[in-house]
Every structure is written in C-alpha cells, then in structure tokens.
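All chains, full assembly: derive it from the sequences and hints.
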Amino acid sequence: MAQNRLRSKRLRLDNYLKTLTPNVYFQPPASIMMSYPAIRYRRSSIDANFADNLPYQATAVYELIVIDRDPDSDIVEELSKQPKTIHVRHYTSDNLNHDVFRTYV
Amino acid sequence: MSKIVWDALGEHFYETGVDHGVYYGYDSTQNAFNNGVPWNGITAVTESPSGAEPSPIYADNIKYLNLISAEDYAATIEALTYPDEFKISDGKADIATGVVIGQQTRKIFGFSYRTLIGSDTEAAGTAGYVIHLIYNCTASPSEKSHNTVNENPEGATMSWSISTTPVDVEGYKPTATVEIDSRTTPAAKLAQLEAILYGSVSSDPRLPFPAEIATLVGAA
Numbered sequence: 297m298a299q300n301r302l303r304s305k306r307l308r309l310d311n312y313l314k315t316l317t318p319n320v321y322f323q324p325p326a327s328i329m330m331s332y333p334a335i336r337y338r339r340s341s342i343d344a345n346f347a348d349n350l351p352y353q354a355t356a357v358y359e360l361i362v363i364d365r366d367p368d369s370d371i372v373e374e375l376s377k378q379p380k381t382i383h384v385r386h387y388t389s390d391n392l393n394h395d396v397f398r399t400y401v
Numbered sequence: 490m491s492k493i494v495w496d497a498l499g500e501h502f503y504e505t506g507v508d509h510g511v512y513y514g515y516d517s518t519q520n521a522f523n524n525g526v527p528w529n530g531i532t533a534v535t536e537s538p539s540g541a542e543p544s545p546i547y548a549d550n551i552k553y554l555n556l557i558s559a560e561d562y563a564a565t566i567e568a569l570t571y572p573d574e575f576k577i578s579d580g581k582a583d584i585a586t587g588v589v590i591g592q593q594t595r596k597i598f599g600f601s602y603r604t605l606i607g608s609d610t611e612a613a614g615t616a617g618y619v620i621h622l623i624y625n626c627t628a629s630p631s632e633k634s635h636n637t638v639n640e641n642p643e644g645a646t647m648s649w650s651i652s653t654t655p656v657d658v659e660g661y662k663p664t665a666t667v668e669i670d671s672r673t674t675p676a677a678k679l680a681q682l683e684a685i686l687y688g689s690v691s692s693d694p695r696l697p698f699p700a701e702i703a704t705l706v707g708a709a
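Chains as they are written, first to last, in my numbering: chain A, 297 to 401; chain B, 490 to 709.
Note that these hints are calculated values from the structure, not bench results. Keep in mind that the hints are not guaranteed to be accurate.
Computed list of lysine-lysine pairs in DSSO-like fashion (alpha-carbon distance at most 30 Å, straight line) [said to hold, decoys possible]:
#1 A:K377 x B:K633
#2 B:K581 x B:K633
#3 A:K380 x A:K305
#4 B:K633 x A:K380
#5 B:K633 x B:K596
Quick look at the structure:
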C-alpha cells in the first residue's frame, strides 16, 4: 500500500508543534483534560488545484488553536512567523487566551 | 420520413475537461513529429481560430460578392508545468547540465490533448471523448508571474500562445488541426490510432499527419 502522505505531513506538523509546547492535541475528545499552554488542532479541509481533470496538487489545511494564560504568548509569536500560516482571530474564554491560526501543509 | 426529436434520452451531450496532453518534438531529418512525451499539469487549452472574415464587394448597386478570407488557427496552452523536451520549443537551450538560457530559436512542435464527452445518461468520459491534434505549432513568449508563497499556496500557472502553420490534406484545404471523436470512429481503428499517438510496447509515441490518419481510419 502506498505511503499515507496525509498522515506523514500531519505527523511532521505535530512534531513541529511539540517543539513549541509538549501539550499538543490533535482533534481531542471533549472529555480530555488539557494542560496549558496548549495547541489544539484539527484538519479543516483539503484544498486542491486541478489539472489533467484530476486534483493535481492537494494541500491539507489545519486549524490550530493556541490556548495560553499569557496574552503575549511566545507560541503565538513563533507561529505568526511560520510560512503558509496565518493568524485568523483571537478571543478569550474561561480566562484563557485563544489564538486561531490556519496553516497549509 | 422521420420527425425531428429534440433532447432525446441519452443525447444530452456536452464536452468538458482537458487531459492527456502530449508534446511531439519535430524531427527535421525525418520531417515528422516524433518523440511524444506526456505534458502533465494541463489546466486549459483555449482555441482561438481567426480569419474567415467576410469582405463584401458591391456592384450594380447590390452586394455582388462576399469574399471570405483564409482561416488561421491559434491556441493558448495553460499548465502547471511542462516537459523538458518542450524547452527547445520555448526558446530555451541547455548550455551545461542544469544550465538553461533563453531567447533561442523556437522549434516547431506538435501537440495533442483530449476533451471528455458526457451526456444525461453517461458520465463525462464514459459517453466518449475527442482527441485534438495540432500541427506545426510555434510557441510565443508569454508572461510568467512568480509570486511569494503565502498562507494559501498555489502552483503558478504558465501559459503559452501557440500559432500554427497548416499541413497539406489531399483534396482539402491545408489544416493545422484534427479532431477524432471516439463516438463515431470505429473502436478498433481508434485503438490503433491511440497506439500511434500514445505509444505501445513496440512503438514510440508520434503524431501522424492527417493523410495517415485518414488512411488508417478509412473513408468518411
């Protein structure tokens, strides 16, 4: 069976995120108790460029949420500098700062 | 006697898509388009025929004649990439391994691609397809835009304007284009033609001229 490139790209992203904080959660269940600062992420879509009547180049899009008590989070600072990554919005909930990013891998 | 029926079941045909792009280099020693290679990443082929312009001539106070000018065929190929073999047709030359220079003589080439036929009862490609052949193409320089990688990565689409010189067809006016419709071409003949165009275990891909295609497929 061919290598699952979606998984290998996602694991590369996962490894990178773990360099920012050990508390990285991929599509966690609602019942999980998270430690902070944390990055929660999920795949939101797969964008495709079409050619030859086929999806010629596909890019997975992930939504990352940095959850940190620090409003000037170092993780947010670092993620803001990453290529193919854009900050979408910031909000606070339960006295925790949430910064939402979208990244293409 | 029969009455016209519009939009009968299974006859709601439409044409869509573009795939199976093939570049054929011109072999001047054999005067043939040989060495077909796949052209991956084709996103669009836009045909732009011109000419056939009417020139009315008036005499005796009436429109006496309507002269029609000759037709010309041009097209634009858009793709995300191009085969290495196309470089000599795009005015490029290798002066060392991996070192390419531009603004060189542009070599003519042949090109083929396929569009899909769908209908109300058959999916696109299942109802049939049309193979388009273009002869004696010359690619013109075109704008290429290189943009920064941003949060929404996309491959750069390249495009080439193609002008053509028609080839002779006995009994007809010269032409630069041939279309082969899988719905009407005998299946066995079509398979033989595709083996010529796309290659087989015993032969390399090449672009046959219209006369050879007509002989192979048989009388219209």
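These are the hints, each one checked on the structure:
{"no.": "1", "hint": "A:K377 x B:K633", "result": "28 Å, holds"}
{"no.": "2", "hint": "B:K581 x B:K633", "result": "15 Å, holds"}
{"no.": "3", "hint": "A:K380 x A:K305", "result": "14 Å, holds"}
{"no.": "4", "hint": "B:K633 x A:K380", "result": "22 Å, holds"}
{"no.": "5", "hint": "B:K633 x B:K596", "result": "20 Å, holds"}
Hint compliance for this structure: no hint is broken.
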